[in-house]
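The whole structure should be built from the sequences, with the hints applied where relevant.
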Amino acid sequence: MSSRRKRPSRNGGIAASFAACRKQRRSAFIPFLVAGDPSLEATPDLLRALVAGGADVIELGVAFSDPIADGPTIQRGSHRALAAGSSLSAVLGIVERHREELGVPIVLFTYYNPVHARGVETFAAQAADSGVDGVLCVDLPPDEGLRELQPALEERGVNSIYLIAATSTRERIDRAAAASNGFVYYTARSDVTGEREDLIPTLAREVKRVRRRVRLPVAVGFGISTPRQVEEVAKVAHGVVVGSALVRLVEENAGEPDLAALLERQVGELTAPLRG
Amino acid sequence: MKVRTPLAAEALAPDEGGRYGVYGGRYAPETLMAPLEELSRAYDRLRRKRAFTRRLRHLLEHYVGRPTPLYFAERLTEHLGGARIYLKREDLLHTGAHKINNALGQVLLANEMGKTRIIAETGAGQHGVATATAAALLGLDCVVYMGEEDMRRQRLNVYRMQLLGAEVVAVDAGSQTLKDAINEAFRDWVASFADTHYVLGTVTGPEPYPRMVRQFHSVIGAEARRQLRRLAGTADPDVAVACVGGGSNAMGLFSAFLDRPNVLLVGVEAGGRGPDLGDHAARFAGGTLGVLHGARTLVLQDDEGQVVGTHSVSAGLDYPAVGPEHVFLHEHGQIEFTSATDQEAIDAFHLLSATEGILPALESAHAIAEVARRAPEMEPDRVILVNLSGRGDKDVESVLEYDAASGGRVSVRRPSGRHSGSASGDGDAE
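Heads up: the sequence lines are chains S and P, in that order. Here the first sequence is numbered in numbering that gives the first Met the number 0, starting from 0 and rising by one per residue. Here the second sequence is numbered in numbering that gives the first Met the number 0, starting from 0 and rising by one per residue.
Honestly, the hints are just simulated from the structure, not real lab data. Nothing here was measured: the structure is a model prediction, and the numbers come from that model. Keep in mind that the hints are not guaranteed to be accurate.
Claimed, not checked - A few chain P residues that face chain S, going by a derived Cβ cut-off under 7 Å, partial list only:
(1) GLY304
(2) VAL306
(3) GLY308
Every residue, glycine too, gets a C-beta built ideally from N, C-alpha and C.
And the structure:
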């Protein structure tokens, strides 16, 4: 029993990452990529580029055939990944081979069905064994997640991260906060994922509303694509998530030999405001 | 004669989380959770409100055309030589299918909730047409998402929706069919729920959709029982048959008979081209437990949990998941599921057209195909009730294409009279 509990943390988990950022008086940078986009072979290099550019936690997207909560950019990324043979098995393999070398926590960002198809116990065991630090299922709110997936993850020391939305009521914020460990993910826009010209002016007030009720670090995502936006969001959030902008870079440069270098440069630009 | 052991009423109702046993639930992105909770509350408030139910009943009678007839299909019965066959004529409803029962109910609900914009997905186009119709009736904006493949198959319905003032948005993702249209409708709703209601067209999706859509269609079964008692001398048929895509017309019919142990309930899925994964939409034959579009249910998927493509000649059955209540009822021995292939459905389309002068929707033709298999095996004093859920006008082009591809079936006969007699006979007479 005790051998199944809490595997030794390799390079420190999610909490350690946020704690380190707090010590440096800055927000964490959390980039998102779809694993297997544009190919499974390219993914490890792209993950290294994220780390080299300044990632504190990586959100690794598991491609799904029916991504109802994603905008066109990430839909296309998922489609490319599936066409390239990506799957939950392949993603777990990538994490297993590279988590230690990368040295930053990895959160699987997935729809529930691939997890469900594998069986939650099997998935939780494999996720823990491959070194996955946390799991966020987009379509598994705490209402369902607490009964179904979380006990299996908790038993193996893998964090569960839940979303909080602009529409979440106080009760729902409390429920997500109580259920999450590691951090909570606040979706800044009542919208599917995608880049936005402007961030909503009320963002600061909204994030504060959430922070008042949540003791865990609050990461903010959806629609953030420029260094200026990163800087703005970092003023109010413990973590800044950038997804679509990076997936778009991968899309536009999929055939380029220096794709990883381009990605590292963009992540470097996005994290510059955090380094002060 | 098979006898079912009906489930107790408490066992039949979903729990607070919308679960039928382990099926159903509310697997939705957090952004939609509060709007879904609001919808559940609004629906539960309004379905008990007399003014609301009266208004809906009034419109169903005077605008939609309820009750629909129950029709004894005498020539079809004679032709098949077995059980007496009764058709519940949902095909005669305004807009041509049962879908309007639910669309009108939900649009009225949306109106009461103060929503000004309606969105919907559609496969065969019938739900889209029904929703566009209800939105026009109440003066609400309407956007319908439809797969490009389905728009090709059902181009007349596309134009009907446009005539009704709806915007039809082509979905070119994935298989370009019903499932992708639902994905797109959810994406719209995630961003628009403040002023928009999503009229989901079948008994799947997150709570409260399965129970709400079923309730709006339960009028089908309730009417059929009353009519059958008058017409056939028994309120309980031996067999009740309905096609099952998501399963809304079937739940509408079956809901009246769930407590009747002597009624065998049969759902008919799309057998498509054959039993290989990807060639059909028979979830009870090839599906495994999964979570799609907000509900835990049977899904056609691969080992990695990726949803696979489906095929059916009928756009309305071409969907990889099924309403969770169907799975629950099947598990408890309440509904039997079978399937009919494309070819069997096309044959049934011709059969009903020729024997009764009724062109069934290709969806409903799957139910007729099952009747054609079953009726001859039954005694003539037995009764089959079948839900003729929609009319076939929309499918005439598809049937024409199908028949042309398989060598042509309908020969156009010349009027008899002067030109009668074979050409060779004429020659001989010389």
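Evaluated hints:
no., hint, result
1, GLY304, "3 Å, holds"
2, VAL306, "4 Å, holds"
3, GLY308, "9 Å, violated"
This entry does not satisfy hint 3, going by the numbered hints stated previously; all others are met.
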